[in-house]
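Enquirer: For reference, the chains in residue letters:
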Amino acid sequence: MVEDQDMSVREAAAVMQDARIRARHEFVISAPAVYTAWGLVWLLGYGAMWLSVRGQHPYRSPSGVSIAAVFVLAAFAVAAVLIVAHRAVAGVGGRSARRRTTILVTWATGYLILLVVQTAISGSVSVRTLAFVDFAGPLLLAGLVYLVAAVLGANRPALALGGWLVLVAVSCAWLAPAAMLATCALAGGGAFLLIAAAEARIGRHAG
Amino acid sequence: MPAEHGLDPVIHGQVRLRVMVTLAALPAGDDLSFTRLQEVLGLTPGNLISHLRKLEEAGYVTTARSGGGVTGRTSVSLSQQGRQALDRYMADLRELLDSAGAAARRP
Numbered sequence: 001m002v003e004d005q006d007m008s009v010r011e012a013a014a015v016m017q018d019a020r021i022r023a024r025h026e027f028v029i030s031a032p033a034v035y036t037a038w039g040l041v042w043l044l045g046y047g048a049m050w051l052s053v054r055g056q057h058p059y060r061s062p063s064g065v066s067i068a069a070v071f072v073l074a075a076f077a078v079a080a081v082l083i084v085a086h087r088a089v090a091g092v093g094g095r096s097a098r099r100r101t102t103i104l105v106t107w108a109t110g111y112l113i114l115l116v117v118q119t120a121i122s123g124s125v126s127v128r129t130l131a132f133v134d135f136a137g138p139l140l141l142a143g144l145v146y147l148v149a150a151v152l153g154a155n156r157p158a159l160a161l162g163g164w165l166v167l168v169a170v171s172c173a174w175l176a177p178a179a180m181l182a183t184c185a186l187a188g189g190g191a192f193l194l195i196a197a198a199e200a201r202i203g204r205h206a207g
Numbered sequence: 208m209p210a211e212h213g214l215d216p217v218i219h220g221q222v223r224l225r226v227m228v229t230l231a232a233l234p235a236g237d238d239l240s241f242t243r244l245q246e247v248l249g250l251t252p253g254n255l256i257s258h259l260r261k262l263e264e265a266g267y268v269t270t271a272r273s274g275g276g277v278t279g280r281t282s283v284s285l286s287q288q289g290r291q292a293l294d295r296y297m298a299d300l301r302e303l304l305d306s307a308g309a310a311a312r313r314p
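Which chain is which? The protein sequence lines are A and B, in order.
For the first sequence, the residue numbers in this note's numbering are 1 to 207.
For the second sequence, the residue numbers in this note's numbering are 208 to 314.
Don't take each hint at face value.
Facing chain A, from chain B, some residues (calculated, C-beta under 7 angstroms) [unchecked claim]:
1) ARG225
2) VAL228
3) SER240
4) ILE256
5) ARG290
6) LEU293
The set of hints was computed from the structure by calculation and includes no laboratory data.
Note that the Cβ used here is the ideal one computed from N, Cα and C, for glycine as well.
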């Protein structure tokens, strides 16, 4: 490219605007896409589990199909997040990369601990306690990870979402299993979708 | 002409301006690999190196090499001084555009 020291003030402004738009397109992870993907997992996945237990008296467990639906939706969400993030983080190092690693390690460690606890208590606690660990546990973990992400990145929407998810998960301790699923689906998934809409709105105004 | 506008001549060039704006889009404390910067800007390695050298001499960017051989990575980041210089450049540019607009509106 030929260097143009003689470019006019207007040309410089146009070059700067163009470079700014390009950089935003290249490096910004679409927060609305990430929140929407996880919101749908909670809303549809947990919603399906809730529908499968709604008529159970007494409560037994969600149907195999609805549990499988949660895993399939979660796999799609992980794939969507990886696709969205891959381009934005390629070649970017430094503080953001260390922050991403910390968040990922926190989430993976928390999930591992949750799996170990689920396995350990599965035969020795009441159905309601087990339902709390199985259904509200992942939501509590997601909330705590968002709080960690918010503290590391001074991100207000993540702080609001993390705080809300923790609150919703803790409130499930007072609920019956079917109500837990409905609460996680609506208050958890709904919060993700609400934050996605808010972030999209903020992005439109900023753009 | 740069001297006439009073704009920073180190930044006031298409490629260097794009390099500075691209690096400024990253949060403070982040760096970008040379190859990604080259890909984003669509430049040849030689062209990018020559402009980075000018920016580095002015203290606006820093480059660092980690690792060796084919797996080595050269990273480029905007220095604090560079961020301040770009802010100044943008303020000067805005002022010039405003005064040009005001002059055009004058009867």
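Enquirer: For each hint given before, does the structure comply? Return the numbers of the non-compliant ones in rising order.
Expert: Checked against the structure, the hints that fail are numbers 4, 5 and 6, while the rest are satisfied.
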